[in-house]
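Build the full structure now, drawing on both the sequences and the hints.
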Amino acid sequence: MTESIQFETAKMSDIDGVLALQELYLVANLSEEEKASGFVTTPFTIQQLTEVINENNLFIAKDNNKIIAYIFAGSWDFFKQWPIFKYMSSLFPELIFLDFEIATTNSFQYGPICIHKEYRGKGLITPLFEFMRIHMVQKYPLSLTFINKINIPSAKAHTEKLKWTIIGDFQFNNNDYFILAYEMNKAVS
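When we follow our numbering, the leftmost residue of the sequence shown carries the number 1, and every step to the right adds one.
In case anyone wonders, no lab produced these hints; they're calculated from the structure.
Built from N, CA and C at the ideal position, the CB exists for glycine as well.
Keep in mind that a hint or two might mislead.
[What the hints assert, rightly or not] Derived CB-CB ranges, DEER-like:
1. GLU3 with ILE134: 12 to 22 Å
2. MET12 with ILE96: 34 to 44 Å
3. GLU32 with GLN138: 39 to 49 Å
4. ILE150 with LEU95: 16 to 26 Å
5. ASN185 with LEU24: 32 to 42 Å
6. LEU98 with LYS11: 30 to 40 Å
7. SER13 with LYS156: 15 to 25 Å
8. MET12 with LYS163: 13 to 23 Å
9. ASN29 with ASN106: 34 to 44 Å
Shown next, in the form of structure tokens:
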């Protein structure tokens with residue numbers, strides 16, 4: 001990890017850099033071999049990025065002013081424009097995590113997260129996640145996400161490095177997903 005890496009809440013001027021990084025790792029743009037290193041599935045438009053930035057819910061890492069990683073966070077209200085998020089939130093009454101009553105009001109959707117491949121495996125995920133957590137814990141006590149079961153690098157990074165808990169799974173559009181939860185008051189150790 002270089003010391004030149006900075007963590008920021010994204011601004012409008014960061015949109016092009018976020019789109020460029022998204023384009024590199026969008027599942028639709030990758031070969032089967034490339035997918036094995038991890039991928040993102042949800043493409044964001046400029047309008048959607050603008051909305052997330054206005055909510056202060058997009059967190060980025062820059063190295064020499066180049067965006068090398070991002071984490072999206074957002075309300076279920078924002079994410080319900082995609083059918084998969086709407087479906088996942090319909091499962092909340094069946095899910096159990098600690099003593100939370102999981103609802104769209106006390107939780108937010110974490111992700112996608114994307115890290116440029118040159119920076120993967122170097123510990124960047126932890127400080128970037130922690131930067132996001134410190135901002136989002138002020139709004140929500142609980143974070144939820146889902147990870148495609150074939151996205152093994154992402155599942156391992158979240159459960160082993162960040163200590164997310166797998167609390168369920170579901171199928172959507174012929175894909176299998178884990179549902180994960182994280183208590184936002186807990187700093188990543």
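How the hints compare with the structure:
| no. | hint | verdict |
| --- | --- | --- |
| 1 | GLU3 with ILE134: 12 to 22 Å | holds (20 Å) |
| 2 | MET12 with ILE96: 34 to 44 Å | holds (40 Å) |
| 3 | GLU32 with GLN138: 39 to 49 Å | holds (41 Å) |
| 4 | ILE150 with LEU95: 16 to 26 Å | holds (22 Å) |
| 5 | ASN185 with LEU24: 32 to 42 Å | holds (34 Å) |
| 6 | LEU98 with LYS11: 30 to 40 Å | holds (35 Å) |
| 7 | SER13 with LYS156: 15 to 25 Å | violated (34 Å) |
| 8 | MET12 with LYS163: 13 to 23 Å | violated (33 Å) |
| 9 | ASN29 with ASN106: 34 to 44 Å | holds (35 Å) |
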